[in-house]
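Heads up: the sequence lines are chains A and B, in that order.
In terms of this note's numbering, the first sequence opens at residue 1 and continues consecutively.
In terms of this note's numbering, the second sequence opens at residue 660 and continues consecutively.
Any given hint could turn out to be false.
Stated by the list, open to error - Here are the simulated lysine-lysine pairs, DSBU-like style, with alpha carbons at most 30 Å apart:
| id | chain 1 | residue 1 | chain 2 | residue 2 |
| --- | --- | --- | --- | --- |
| 1 | A | K530 | A | K352 |
| 2 | B | K674 | A | K214 |
| 3 | B | K710 | A | K508 |
| 4 | A | K305 | B | K741 |
| 5 | B | K681 | A | K214 |
| 6 | A | K389 | B | K810 |
| 7 | A | K516 | A | K557 |
| 8 | A | K519 | B | K669 |
| 9 | A | K214 | A | K305 |
| 10 | B | K710 | A | K530 |
| 11 | A | K527 | A | K253 |
| 12 | A | K352 | A | K511 |
| 13 | A | K59 | A | K511 |
| 14 | A | K516 | B | K810 |
| 15 | B | K688 | A | K530 |
| 16 | A | K484 | A | K578 |
| 17 | A | K299 | A | K659 |
| 18 | A | K516 | B | K741 |
| 19 | B | K710 | A | K511 |
| 20 | A | K59 | A | K299 |
| 21 | A | K201 | A | K16 |
| 22 | B | K688 | A | K578 |
| 23 | A | K578 | B | K681 |
| 24 | A | K214 | B | K810 |
| 25 | A | K373 | B | K681 |
| 26 | A | K368 | B | K810 |
| 27 | B | K710 | A | K557 |
| 28 | B | K833 | A | K389 |
| 29 | A | K59 | A | K489 |
| 30 | A | K511 | B | K674 |
| 31 | A | K578 | B | K669 |
| 32 | A | K393 | B | K741 |
| 33 | A | K500 | A | K527 |
| 34 | A | K19 | A | K254 |
| 35 | B | K674 | A | K526 |
As the list claims (entries may be wrong) - Here are some, though not all, of the chain B residues that point toward chain A, as calculated from beta-carbon distances under 7 Å:
| id | residue |
| --- | --- |
| 36 | V687 |
| 37 | D720 |
| 38 | L848 |
| 39 | Q853 |
| 40 | C877 |
Source of the hints: derived by calculation from the structure; they are not laboratory data.
Backbone N, C-alpha and C fix where the C-beta goes; we use that ideal spot for every residue, glycine too.
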Amino acid sequence: MSILDAKIPEGTLEQKWTKFRSSVPLVNPANKRNLEVIVVGSGLAGASAAASLAELGYKVKVFCFQDSPRRAHSIAAQGGINAAKNYQNDGDSVYRLFYDTIKGGDYRSREANVYRLAEVSSGIIDQCVAQGVPFAREYGGMLSNRSFGGTQVQRTFYAAGQTGQQLLLGAYSSLERQIGMGAVKMYARHEMLETVTIDGKCRGIIARDLTTGKLERHFGHAVLLCTGGYGNVFYLSTNAMGSNVTAAWKAHKKGAHFANPCFTQIHPTCIPVSGDHQSKLTLMSESLRNDGRIWVPKKAGDTRKPIDIPEEERDYYLERRYPAFGNLVPRDVASRAAKERCDAGFGVGASKMAVYLDFAFNMDRYGKIEASKKGLENPDAHTIRELGKGVVKEKYGNLFDMYQQITGENPYEMPMRIYPAVHYTMGGLWVDYNLMTTVPGLYALGEANFSDHGANRLGASALMQGLADGYFVIPYTIGSYLSKEISTKSIDTNHEAFTKAEQEVQEKLTKLLAIKGTKSVDYFHKKLGKIIWNECGMSRTEAGLKKSIEDVRALQKEFWSDVIVPGTADEFNPELEKAGRVADFLELGELMCIDALDRNESCGGHFREEFQTEDGEALRDDEKYAYVAAWEFKGQNQFELHKEELKYENIKIAQRSYK
Amino acid sequence: MSGNMNLTLKVWRQKNNNAEGKLVNYQVKDISPDMSFLEMMDVLNEQLIVKGDEPIAFDHDCREGICGMCSLYINGRPHGPKDRVTTCQLHMRSFEDGQTITIEPWRAAPFPIVKDLAVNRSAFDRIIASGGYVSVNTGNAQDANSLPIGKEDADLSFAAAACIGCGACVAACKNASAMLFVSAKVSQLALLPQGQPERYLRVHNMVAKMDEEGFGNCTNTGACEAECPKGISLSNIARMNRDYFVAGFASDN
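Sequences and hints are given; from them, build the entire structure.
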């Protein structure tokens, strides 16, 4: 085991980033033109990084597996993006955003990174507005804000329930502009399948053209992985079907440490699982908790319709348990509370694994305001409700439509049924302050890295981090590496390192196709998902994790002897793509369980049943576990733990309380 | 959970863009009305795979109606029988037991077929690259609230920006016109002060690129608006035409 150096700049918290930016070595414009950067992934982090680096003059290549960079899964983010603008004059500040994020992450993130994130947050909103991102506005023309979980200020900017879409299309436009100008070369329908290391530095990738199946070699002075999270290890999650860990995992196997893999976020408000056929789960934005109240019947097994259950027989359990934050507690807390009620027999719906998210109260509140605006005196209950529905429709219309489409129920008339589902992964490739992994020249941005959210991410912070990394962090930090690379000429891709890497990829593809077993890729993916969900999901135990490690290893063996992958490698073959991704998930799943077993405490999304307070809250052990667990790949089924000590110099580390 | 619907599917199979394609019949059984359309396709593919046959290729990703990757021409309509819904959000309860469902790819010359039901829509990216942006480099922005934008314009701009770039408008159009797609981006930026400096150059360049890519002309049929899963309004095309007209006068070209 070694101790990792995060290369955090000297100085006070407030000065670190400013001083770093002013003193980081620069690359002159003529040299930038000769430096090539590869960006893998075209979501918020990838598109913003690629556009910004191309604007600076670097030669950029971007790769994405989708048919267009605009499809990246950032597009599905619904609720909003945080920024410490304090436009609402409600006491927000950079420090408060920093503090909320550290506390929300249950004191397992790095102070310097989080402070920098809070500092650049305002600039993100400015940048997006300048690009023409149509954020929601008030009648006076000013930007509108709303609340998200784990905070007591309104700092979330949004565009209805489609904030991710609008932010991504903004970054995508900037990227397309650079593509049009020839500064970026775009490779859509391409998947990165290996990194190439020469003399200890990352120097390129092997990518597969998914349309023709051809393997390609690409050189870069630096490689940026902006490839998102690994939530699909659970099979069922709110991630897109194609979201995967492959790029990050290949990098891990070539030397990049993987940090805190067991820190996964189970989002409290998702549409419940309805059957075995289900291929994915759908999120209902956290912003709904602004106006929806969560409850279950007070009587276990109550089969009445929700609207027939009188007010006094309802248990608004979040408001009861956490009066200070109520329905807006952080996600990990809300998810565990829902699980606790359902496990205790109070769940609702056919499966009994759901709770109600009820808008009636706030629809009436809004309805009264609207009636008053219209000058209606003594409006009847029906009129009030109808007016209130209009307000809710404007705020969340697309989400309500989506709910109705999926469940066949009308959420304007009946409370929504919701249950927690896998949504985000705080863990990821370990990076230092520069966002560089343990492999020189290889960077990880956005959800693909581990750095900013600790053991639990607060709502509306993922978009913030993706864009912060891409627009405002990497353009500076990459200079400290590339300034030393100006005399490195482009390396010919006939170099033996490229040849060897391509051979490895080819062999793996050939092997997958040659098994010709009896079970589909999905069969293994579903089985893996069940193991990880049951034993490394919302609650974990020592015995369960030990067993799951064995189970996953057995499943790996079964996969490599009995999977069936149809078709060939030299054509468009989505099953082959999926097989490669699931093979990587099978290895990651094992590491997640190992990490969860090693961390003998509960923090954020990592809840070990053995470690809880008397009233069922997560019990941290700061003496022993105030560190980042960064795992090094040492060969099949072998991982070595390295630590980065987390030092809290500005925030007093405390038991997290939302009561 | 299995259900009780039995269906006949007629699916377009085509190995690649150079090969000839044809409709092939398949039977699926015990489909649940709660399945999404693509989950029903997953069931069929699972059957094909374990038999050793090639599964049907189709594009999809987010499965929540926002990424724009799913397509499919279902019983003669892009994204199937329901209005304002993408294929991935279409559920089997919208069909009847015993029904025959015909599934084809988007058909338009600028969208060549990749395989089976998957097509290449990169022409849309190239149109955006020709002008669908505000030319502002990172780091130049003024404070976001120093530019007040009236709620009505902001809302109209947002409504245009809701386009997911799926290409249903092109697939629905008898001329394979991309006017609804292009006008959505032109309108989003034309309605905002940030978009003004490049307003006329943008529309000029994007329309030129659209023509170059081989999309047809608009004959005001309105099929695009009717089939758009995001309800992008035909009035955007009118706005684009006005701007294009002005651009013609304003341009030295």
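Each hint, compared with the structure:
1. A:K530 x A:K352: Holds: A:K530 and A:K352 sit about 19 Å apart, inside 30 Å.
2. B:K674 x A:K214: holds, 16 Å
3. B:K710 x A:K508: holds, 23 Å
4. A:K305 x B:K741: Holds. A:K305 to B:K741 sits at ~29 Å (cutoff 30 Å).
5. B:K681 x A:K214: holds, 26 Å
6. A:K389 x B:K810: holds, 20 Å
7. A:K516 x A:K557: holds, 14 Å
8. A:K519 x B:K669: holds, 26 Å
9. A:K214 x A:K305: violated, 57 Å
10. B:K710 x A:K530: holds, 25 Å
11. A:K527 x A:K253: Roughly 24 Å between the alpha carbons, so the hint for A:K527 and A:K253 holds.
12. A:K352 x A:K511: Cα-Cα ~43 Å, so violated.
13. A:K59 x A:K511: violated, 35 Å
14. A:K516 x B:K810: violated, 59 Å
15. B:K688 x A:K530: With a Cα-Cα distance of about 25 Å, the restraint between B:K688 and A:K530 holds, given a limit of 30 Å.
16. A:K484 x A:K578: Since the Cα atoms of A:K484 and A:K578 sit roughly 39 Å apart, the hinted pair is violated (cutoff 30 Å).
17. A:K299 x A:K659: This hinted pair holds, its Cα atoms lying about 24 Å apart.
18. A:K516 x B:K741: violated, 40 Å
19. B:K710 x A:K511: holds, 20 Å
20. A:K59 x A:K299: violated, 64 Å
21. A:K201 x A:K16: Holds - the C-alpha atoms of A:K16 and A:K201 are around 27 Å apart, at most 30 Å.
22. B:K688 x A:K578: holds, 25 Å
23. A:K578 x B:K681: The given pair, whose Cα atoms are some 26 Å apart, holds under the 30 Å limit.
24. A:K214 x B:K810: violated, 50 Å
25. A:K373 x B:K681: Violated. A:K373 to B:K681 sits at ~61 Å, over the 30 Å cutoff.
26. A:K368 x B:K810: Roughly 22 Å between the alpha carbons, so the hint for A:K368 and B:K810 holds.
27. B:K710 x A:K557: holds, 22 Å
28. B:K833 x A:K389: Measuring from Cα to Cα gives roughly 39 Å; hence the hint is violated.
29. A:K59 x A:K489: Holds, at roughly 13 Å.
30. A:K511 x B:K674: Since the Cα atoms of A:K511 and B:K674 sit roughly 23 Å apart, the hinted pair holds (cutoff 30 Å).
31. A:K578 x B:K669: holds, 25 Å
32. A:K393 x B:K741: holds, 20 Å
33. A:K500 x A:K527: violated, 33 Å
34. A:K19 x A:K254: Cα-Cα ~33 Å, so violated.
35. B:K674 x A:K526: This hinted pair holds, its Cα atoms lying about 29 Å apart.
36. V687: violated, 12 Å
37. D720: holds, 4 Å
38. L848: holds, 5 Å
39. Q853: Holds: closest Cβ of chain A sits about 5 Å from B:Q853, inside 7 Å.
40. C877: violated, 23 Å
Of the numbered hints stated above, those contradicted by the structure are hints 9, 12, 13, 14, 16, 18, 20, 24, 25, 28, 33, 34, 36, 40, listed in ascending order.
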